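Chemist: Here are the chains, one letter per residue:
Protein chains: 4
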Amino acid sequence: MSDYSVRDEIAAFMAERNWAQFHTPENLAKSIAIEAGELLECFQWGADADTERVQGELADVLTYCLLLAARIGVDPDQIVREKLAVTRQKYPVDKSRGRSTKYDKL
Amino acid sequence: MSDYSVRDEIAAFMAERNWAQFHTPENLAKSIAIEAGELLECFQWGADADTERVQGELADVLTYCLLLAARIGVDPDQIVREKLAVTRQKYPVDKSRGRSTKYDKL
Amino acid sequence: MSDYSVRDEIAAFMAERNWAQFHTPENLAKSIAIEAGELLECFQWGADADTERVQGELADVLTYCLLLAARIGVDPDQIVREKLAVTRQKYPVDKSRGRSTKYDKL
Amino acid sequence: MSDYSVRDEIAAFMAERNWAQFHTPENLAKSIAIEAGELLECFQWGADADTERVQGELADVLTYCLLLAARIGVDPDQIVREKLAVTRQKYPVDKSRGRSTKYDKL
Chain A
56 MSDYSVRDEI
66 AAFMAERNWA
76 QFHTPENLAK
86 SIAIEAGELL
96 ECFQWGADAD
106 TERVQGELAD
116 VLTYCLLLAA
126 RIGVDPDQIV
136 REKLAVTRQK
146 YPVDKSRGRS
156 TKYDKL
Chain B
56 MSDYSVRDEI
66 AAFMAERNWA
76 QFHTPENLAK
86 SIAIEAGELL
96 ECFQWGADAD
106 TERVQGELAD
116 VLTYCLLLAA
126 RIGVDPDQIV
136 REKLAVTRQK
146 YPVDKSRGRS
156 TKYDKL
Chain C
56 MSDYSVRDEI
66 AAFMAERNWA
76 QFHTPENLAK
86 SIAIEAGELL
96 ECFQWGADAD
106 TERVQGELAD
116 VLTYCLLLAA
126 RIGVDPDQIV
136 REKLAVTRQK
146 YPVDKSRGRS
156 TKYDKL
Chain D
56 MSDYSVRDEI
66 AAFMAERNWA
76 QFHTPENLAK
86 SIAIEAGELL
96 ECFQWGADAD
106 TERVQGELAD
116 VLTYCLLLAA
126 RIGVDPDQIV
136 REKLAVTRQK
146 YPVDKSRGRS
156 TKYDKL
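Residue numbers (the numbering used here), protein chains in the order written: chain A, 56 to 161; chain B, 56 to 161; chain C, 56 to 161; chain D, 56 to 161.
Think of the hints as simulated: they come from the structure by calculation, not from any bench.
Any given hint could turn out to be false.
One copy or two, it doesn't matter: identical chains are merged, so the pair holds either way.
[What the hints assert, rightly or not] Here are the computed lysine-lysine pairs in the DSS-like style, where the Cα-Cα straight-line distance is at most 30 Å:
#: 1; residue 1: K150; residue 2: K138
#: 2; residue 1: K157; residue 2: K138
#: 3; residue 1: K157; residue 2: K145
Just so we're clear, the structure is a prediction, and the values are computed from it rather than from any experiment.
Looking at chain A on its own, in the form it has when it is part of the complex (with noise of 0.2 Å):
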């Protein structure tokens, strides 16, 4: 994320603990997934949440997010504008327009 505040507070939050010795992109990948199922965990059984559970599992995800980008060296943003640019591609507005459907399948 953009916020260069959130970020060193993380990376100030981190380097106090000392944990950066623990956040190798494998072990954020696997704790990204981890909290990736807390969130999910929500809407086990329907689509009605708790709205402040929601918000805190999506914040854990997000932290791990900022941390491997972070970790691996480039700017959230930057990789999601990129993507969003080969997105574009894959689903012309003309063929996606109303359709979940994958590109593949387009």
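Given the coordinates of chain A, work out where chains B, C and D should sit on it, guided by the hints.
Modeler: Then chains B, C and D, alone, in the frame of chain A:
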């Protein structure tokens, strides 16, 4: 993420395709877990991963996280900051420094 | 799994609690992903994991897999065998021996 | 699963390819989460899913679960049964009947 231009770009991309109808919080939570699995696949058999592929998968997770944040009306930076404050309480520096132990075991 | 007594035990457990109503294929697929995340959490920071905890989480994934198989009316052993036959075609011994390379890269 | 012929078939398949070397408990836990994500993808945008695709993805999750059980030396049926006994204590019929509420909220 607080780079409004990225959030606006994503919103415009979805609006053009009339895809907001598919982006219920539940579907977005599923999508985050699905993309987190693809990110993890970069590390399925070990720590070495193709950096470009990791960037692309991380971008997908981030994009769905931003869509969910927008959908539930929260600011990504703010929820990350709020969660960091909670985690600070759970993991005091003196107890957690240099340890990956979970708070309930500290 | 083909141990009918286990499948029957699970079915009886759910029937007693009238929980089948929650076990749609979609909810079970979410549940499998959620439990898979908890299993992964045993290995979040490294290869060493508490064996008892791993067993418990693996049991949860397996239980939801058996529920989904029953719900869609397939025999777990049979679908595993059928998939193994497909994988055999994708990964000929001579090409894949000792390599973790994905079939499309072989 | 207790169908020994299936377990033996999987073991033989892996032995032929000399793949056991990749099947550490950690890599198998990652693989289960990855395949669980692919299973979930069948339901990404709703409850309707392609049954054949669901069967194939469920088979992949099950196969990695059987490999992990074998790798840590446990019987899949036995751990499922043991976990069911624990769950029985957490969810007494009278309290949990017809409700998807988590045990700690009952």
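Chemist: Taking the hints in turn, state whether each one holds.
Modeler: Hints versus structure:
For the identical chains of this complex, K150 and K138 are intra-copy neighbours only, at 19 Å inside a copy versus 33 Å across copies, given an alpha-carbon limit of 30 Å. Taking the closest pair of Cα atoms, K157 and K138 come within 30 Å of each other both inside a single copy (16 Å) and across two copies (23 Å). In this assembly of identical chains, K157 and K145 lie within 30 Å of each other by CA distance both inside one copy and across copies; the values are 9 Å within and 23 Å between.
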